[in-house]
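Chains as they are written, first to last, in numbering that gives the first Met the number 0: chain C, 0 to 115; chain R, 0 to 320.
Hints may be right or wrong, so weigh each one.
Footprint (simulated), chain R over chain C, 3 or more residues, beta carbon under 8 Å [to be verified]:
| # | region |
| --- | --- |
| 1 | 39 to 45 |
| 2 | 93 to 103 |
Across the chosen pairs, the derived CB separations fall in these ranges [as the list claims (entries may be wrong)]:
| # | chain 1 | residue 1 | chain 2 | residue 2 | range |
| --- | --- | --- | --- | --- | --- |
| 3 | R | V147 | C | A60 | 27 to 37 Å |
| 4 | R | V281 | C | E61 | 54 to 64 Å |
| 5 | R | F18 | C | D112 | 39 to 49 Å |
| 6 | R | L193 | C | A60 | 48 to 58 Å |
| 7 | C | S52 | R | E118 | 16 to 26 Å |
| 8 | C | S65 | R | N268 | 45 to 55 Å |
| 9 | C | V41 | R | L243 | 50 to 60 Å |
| 10 | R | V281 | C | A60 | 19 to 29 Å |
Hints in this document: simulated from the structure, not taken from any laboratory. Quick reminder that beta carbons are idealized off the backbone N, C-alpha and C, glycines included.
Residues per chain, in single letters:
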Amino acid sequence: MLPELYNYWVVILLMMTGFYIVIVQGNLIKKLIGLNLFQTSVFIFYISLGKVSGGSAPIFAEGVSSYSNPLPHVLILTAIVVGIATTALALALVIRIRNAYGTVEEEELQQRDLEC
Amino acid sequence: MLLLLAITALAIAWLRDLFAAVMLAGIYGLLSASFFVSVDAVDVAFTEAAVGAGIFPLLMLAALALVGRNEQTAYRRPLISLLLVSITGAALVLGTLDMPAFGSADAPPHNHVAVRYIEESPKEIGIPNMVTSVLADYRSFDTLGEVVVVFTAAMGVLGLLFTGRAASPGSATERANMYDHRVLRVVSKMLIPLILLFALYVQFHGEYGPGGGFQAGVIFAAGIILYAMLFGFGNAQRVVRPALLQILAACGVLIYGSVGVVCLLSGGNFLDYSQLLPDPLVGRHVGILVIELGVGITVASAMILIFYAFASATVNSEEVA
């Protein structure tokens with residue numbers, strides 16, 4: 000039982016760690032790191048689903064009959080690149096927030112908003 | 000491997016120092032890349048190694064240079080959040096109990112469309128790397144969408160950050176602090192051409208081995224970014240001009256889209272490469288090569304542009320201060 004579902008449980012642990020960081024931490028940069036952890040845990044989940052025991056990497060070769068599933072690989076490959084692009088966009092927004100408010104701590108931001 | 004990943008993640012949650020957290024995030028990226036190799040996802044591992052251990056920490060560090068490395072506020076309601084997270088996690092674990100065992104060959108994901116990809120694609124597309132055939136042929140419309148997303152995100156970053164003012168060469172900021180590290184300078188001088196060459200190999204060898212436009216794009220960008228960090232931002236901008244990159248980023252998407260239109264004009268469906276040439280197999284091969292080139296150009300220029308935008312924001316804020 001343990002080795003069979005072990006991967007999925009680690010994925011859940013990683014996902015929840017990321018989730019916890021996003022909820023608890025007030026610093027916007029730290030929140031982004033947490034979001035990134037969450038995202039990577041989903042990648043690991045997909046790739047784990049695609050694994051076939053005894054299969055080889057999905058590149059056709061003579062004498063190999065069993066391959067791992069190529070479809071999750073394609074989805075995650077593009078998701079990683081799209082993920083870094085959107086993370087960069089989020090970072091750019093954080094920098095603009097910092098320029099406008101002088102802080103990236105959520106509570107101070109809310110106070111500033113209330114003062115206005 | 001997964002245990003190490005989990006420990007790194009917990010350490011990231013624990014640390015208050017953002018600089019250390021970003022460094023750990025880099026290690027986390029490298030560890031997950033090695034995990035991807037161990038479960039046969041070589042193409043994904045390539046991308047994750049270049050993005051997760053290379054570009055992501057660099058961008059984070061560039062942002063930290065502007066924002067400051069210390070967190071100030073206390074945690075907000077940590078106990079309630081911990082409870083909430085544990086309940087969600089427990090519910091998810093309960094959900095996994097019904098899942099097929101890890102690695103079992105008769106799990107549902109392996110029994111529908113994947114069978115066709117594995118059995119038919121080497122004959123139908125004529126290239127051994129199934130990941131490339133699915134990415135660039137069966138699901139090429141998806142991939143076009145993703146390239147457009149990368150392009151749009153890069154334009155968004157530029158819109159938010161780019162001031163259009165290049166760092167003047169010869170100014171105090173031109174030479175990054177790293178320039179004084181002789182070992183780093185000599186080693187990277189030897190490595191950068193190899194990194195760029197390797198990126199081109201990955202680009203054009205994507206049908207036979209692991210590789211393709213996305214991987215090559217991020218590796219190429221990592222090489223240029225390394226150069227910018229060691230030899231100064233102004234010098235890098237003279238080698239690879241931002242204006243040129245903006246045009247290239249758009250050109251990549253354009254190349255991809257126009258392959259689709261050419262297919263339409265020659266009587267096939269959008270992105271149906273078999274119409275490109277009289278021999279459908281050769282046509283597919285050429286089509287995949289060209290769109291992978293488009294993907295590579297867009298991804299590389301988008302990543303370098305994003306880095307330039309962050310770096311120029313840092314330089315400007317230093318000059319103001």
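Each hint tested on the structure:
1. Counting residues of the region 39 to 45 of chain C whose C-beta lies closer than 8 Å to any C-beta of chain R gives 3; at least three are required, and the coverage claim holds.
2. Given a C-beta distance limit of less than 8 Å, the hint that chain R covers the region 93 to 103 of chain C holds, as 5 residues qualify and 3 suffice.
3. The hinted range of 27 to 37 Å is satisfied by R:V147 and C:A60, whose Cβ atoms lie roughly 34 Å apart.
4. Look at R:V281 against C:E61: about 22 Å separates their beta carbons, and that is not inside 54 to 64 Å.
5. A C-beta distance of roughly 28 Å is found between R:F18 and C:D112, which places it outside the suggested range of 39 to 49 Å.
6. The hint said 48 to 58 Å for the Cβ distance between R:L193 and C:A60, and at roughly 27 Å that hint is violated.
7. Look at C:S52 against R:E118: about 19 Å separates their beta carbons, and that is inside 16 to 26 Å.
8. Between C:S65 and R:N268 the Cβ separation comes to about 32 Å, which falls outside the hinted range of 45 to 55 Å.
9. Distance hint for C:V41 and R:L243: a CB-CB separation of about 35 Å, inconsistent with the stated range 50 to 60 Å.
10. Range check, R:V281 to C:A60: Cβ separation about 22 Å, and the 19 to 29 Å hint holds.
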